[in-house]
Amino acid sequence: MAIPFDYESLRLIWWLLMGVLLIGFALTDGFDLGVAALLPFIARNDEERRLAINSIAPTWEGHQVWLILGGGAIFAAWPYVYAISFSGFYLAIFLVLAALIVRPVAFKYRSKHDDAAWRSRWDWALFVGGFVPALVFGVAVGNVLVGAPFRLDSDLRAFYDGSLLGLFSPFTLLTGLLSVAMLVLHGAGWLALKIEEGAVMERARRWGRFAAIAAILLFAIGGIMVATMPIGYRLAGVIDTAGPSNPLWSTSVPATGAWLDNYARYPWMLLAPILGFAGPALAYVAIARRKQALLFAGSAMATVGIVATVGLSMFPYILPSSIDAHSSLTVWNASSSHLTLWIMLVVTLIFLPMILAYTAWVLKILFGRVTLADVRSNPDFY
Amino acid sequence: MDLAVVELSRLQFALTAMYHFLFVPLTLGLSFMLVIMESIYVITERDIWRTITRFWAKLFGINFVLGVATGLTMEFEFGMNWSYYSHYVGDIFGAPLAIEGLMAFFLEATFVGLMFFGWDKLSKQGHLLVTFLVALGSNLSALWILIANGWMQNPIGSRFNTDTMRMEVVDFYSVLFNPVAQAKFVHTVSAGYVTASVFVLGISAWYLLRGRFTALAKRSMTVAAAFGLASSLSVVVLGDESGYALTDNQKMKLAAIEAMWHTEKAPAGLTLIGFPSVKDRTTHYEIKIPYALGLISTRSLTGQVQGINELVLHAQERIESGKLAYAALEDLKVNRVDAAARATFEEHRNDLGYAMLLKRYVGDPRDATHDQVMKAAWDTVPNVPVTFWLFRIMAGLGFFFIGFFALAFYFATVRRFDVKWFLRTAVIIIPLPWIAAEMGWVLAEYGRQPWAIEGVLPTFLGASSLTVAQVWTTIAAFTLLYSALAFIEVRLMLASIRKGPETRRAADATSIAPESGAGYAPLPAE
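Heads up: the sequence lines are chains G and S, in that order. The numbering of the first sequence is the working numbering, which starts it at 449 and goes up by one. The numbering of the second sequence is the working numbering, which starts it at 41 and goes up by one.
Looking at chain G on its own, in the form it has when it is part of the complex (with noise of 0.2 angstroms):
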């Protein structure tokens, strides 16, 4: 059978849908990352703690299967941009996964016993389990901004220069900050949606605005960070876009300034950072309003701004090495075969209105805020 689009178009209808995994990640699992991160700061006590955990116990597990997907998807569709990212970040992927092991079991096991040390362990747990991948996953993507360290031999086995401590610099923590900011507010946005108004609101409210000043902020730094720092790649000589995934035919110059050509080359691009800005901008109005369903549109936005900007930032970038010149991964040389992007697009297709569907019908069956009165009658509460 023949296939109907060219190598070309599907790499990039992959490489869109890699930034919708990526996105669908950050817009579901980044608020339960975000309350995680929240708990010790807008809870004063048991209850308080297990209303905020029982506003995401039931749905974080489907949503962290956005992260898995994206894992696998990755695998599938950019076999090298799996391959290097996963060894060459080793101790800090290390370190996220980690944080996502301890994170399912603090969920299922805190509330099964009553007692007060026990319970506290587990939500530090949590905490670190929002917090660390949070952070990380801002530290990781810096670093994706500025290249990593590694070179492909002539098998195209990857080799690396880098250390856990080299991946932070000035510019990875602060993207790794802003990922934080981001995912709180998001969280705030989640628990104005989710939980009864009262005291552990009010706290979610006030640490909001503080992130989405902070969002704002970080966003517009790392910018003029972006713009000015020897930062960024052009891709030099002639551009295959349906040639062979091969690395070592094309060629990389670094250039200051390079990931914001694309915003003068195609304009609509600009819709990612304006969001970007307009997305906090918006949480914190809603905030001093008191409008709750406003204030989670607002973290959304940022969230899909802000990741988006990224990702067209560099396109067509993926994961630039920072040491070689004929490494850097692109969306012309590091995808899989012809066929498996097809493939991978058809089932794509089939399954991924049927998971929104379901998915949408779960929450539709959990709807409705949780209370206090709840997580002190519900025996299926955590």
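Honestly, I wouldn't trust all of these hints.
Pairs of lysine-lysine residues, derived as BS3-like cross-links and limited to a Cα-Cα distance of at most 27 angstroms, are as follows [to be verified]: (1) S:K305 with G:K560; (2) S:K319 with G:K560; (3) G:K739 with G:K812; (4) S:K98 with G:K812; (5) G:K812 with S:K161; (6) S:K164 with G:K812; (7) S:K98 with S:K164; (8) G:K560 with S:K98; (9) S:K415 with S:K319; (10) S:K161 with G:K560; (11) S:K305 with S:K319.
The set of hints was computed from the structure by calculation and includes no laboratory data.
Assemble the complex: chain G is given as a structure, and chain S must be docked to it using the hints.
This is chain S only, laid out in the frame that chain G set:
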């Protein structure tokens, strides 16, 4: 290639995979047992079955969460520790993993929350549907991961692309319907069902011995006995030996399992027991069942089952042929339109992986000596005594489970829930299905060595270029984290079992309260 990193990465993968598989079989089986129990509740409308479903669902939840948490490790680890492997076969291997996410993980993870939180928000039928979707999701996820694993054992539907230096899919249909994958799927989920049956039966037996929650225990035992009998028959009859005639490595694995050093006249005899010696390349004191092996593995009277020595000679030929493919590939790297090199490569492409076995002994396989070729050829033999014994213990346990469940089924049918020795046995053997399942995995994957992808990519080439310190760090951290979680899990499990079912309604309380053992009066509906 740092072999220490390779060995440590293998150790870490083995440890984390085996740990993950402590939780998986119970999830696979218990999810379907919950569907059975809840179906009875929906049909009979007797509250006791709601209590039963909710009780086992609680234990299911404690187990499930660790299965999910440790499963994440597995997906990340391919990229973290096996980066060259991920590049080399990601075009094929990545697809089933992604489809697993799309088709299975979303289903089970989205509905598992509703299963626990939705008892009062859904109709009875609605909740049963949700429980069924969780079971379906977890079993589908086993299907896709075994399609991925089956392809490692029998890499069909793919070929090497000289431009991208990796394997690429050419026939996705044959990857999906890989006979090795199908056999493995049925075998693995059946093993999961046996595990869950033994678990439910053992805990019910413990309650009966103590005279606690007998109404729950008797009913659970009946479900477990029937489900367990069907599953234990399936796990043995549909064992995955049927796939062993397909590829050279599978043939080698079969020869190693049987410690069959020389090809025998068809149909070959099956070695029941003996003492294989790697040094002498022979098996001492063997007791054989004539014809049995030939019949089982080739499904015919005339099919040859090849012995280890012959398979090694064959491997040697393939290494020599692979050296030509490797040389041609090096030429193609320099000049991709070199017609002569292209022709040579096309002729020998299927043996390229065999040349890579030489990289353990020599930097450039083109320079390999005859001795090095012989060493590499003998590398294709997995550890014979280990595979031989693992198989016998696993298969022995399989047959034991059939007998055990047949007996359980008999006692449940004649309503004898007071046979003390049987109840005690049921409690004692709770760990056995886990042992059998772990041995099965070690046999399958250790028996696949030296290959990561049989005939295509040796394991030692698949690892990431990490440092020994990095891998030690994560092994140590995994060990600490996983040990702590195992400790907590077992404690919670035991506490929940000791506590027993929760009685929310007065009706439940009356049907459970009698602890005398006399509380179970068979009803027409049952």
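Outcome of the hint check:
This hinted pair does not check out: S:K305 and G:K560 have alpha carbons roughly 62 angstroms apart, beyond 27 angstroms. Straight-line distance between C-alpha atoms of S:K319 and G:K560 comes to about 55 angstroms, which puts the hinted pair past the 27 angstroms bound. For the given pair, G:K739 sits about 21 angstroms from G:K812 by alpha-carbon distance, which is consistent with the 27 angstroms threshold. Between the alpha carbons of S:K98 and G:K812 the distance comes to roughly 24 angstroms, so the proposed pair stays at or under 27 angstroms and holds.
A C-alpha spacing of about 10 angstroms is found between G:K812 and S:K161, which places the hinted pair at or below 27 angstroms, so the restraint holds. Note on S:K164 and G:K812: the hinted pairing holds, with a Cα-Cα distance of about 18 angstroms set against a maximum of 27 angstroms. Of the pairs offered as hints, the one joining S:K98 and S:K164 holds, with about 18 angstroms between alpha carbons and a cut-off of 27 angstroms not exceeded. For a cut-off of 27 angstroms, the pair hint linking G:K560 to S:K98 stands: about 11 angstroms separates their Cα positions.
The straight-line distance between the Cα atoms of S:K415 and S:K319 is roughly 15 angstroms, inside the 27 angstroms bound, and the hint therefore holds. Distance check on the hinted pair: S:K161 and G:K560 sit about 22 angstroms apart at the alpha-carbon level, within 27 angstroms; holds. A hinted pair counts as satisfied when its Cα atoms are at most 27 angstroms apart, and S:K305 with S:K319 qualifies at roughly 24 angstroms.
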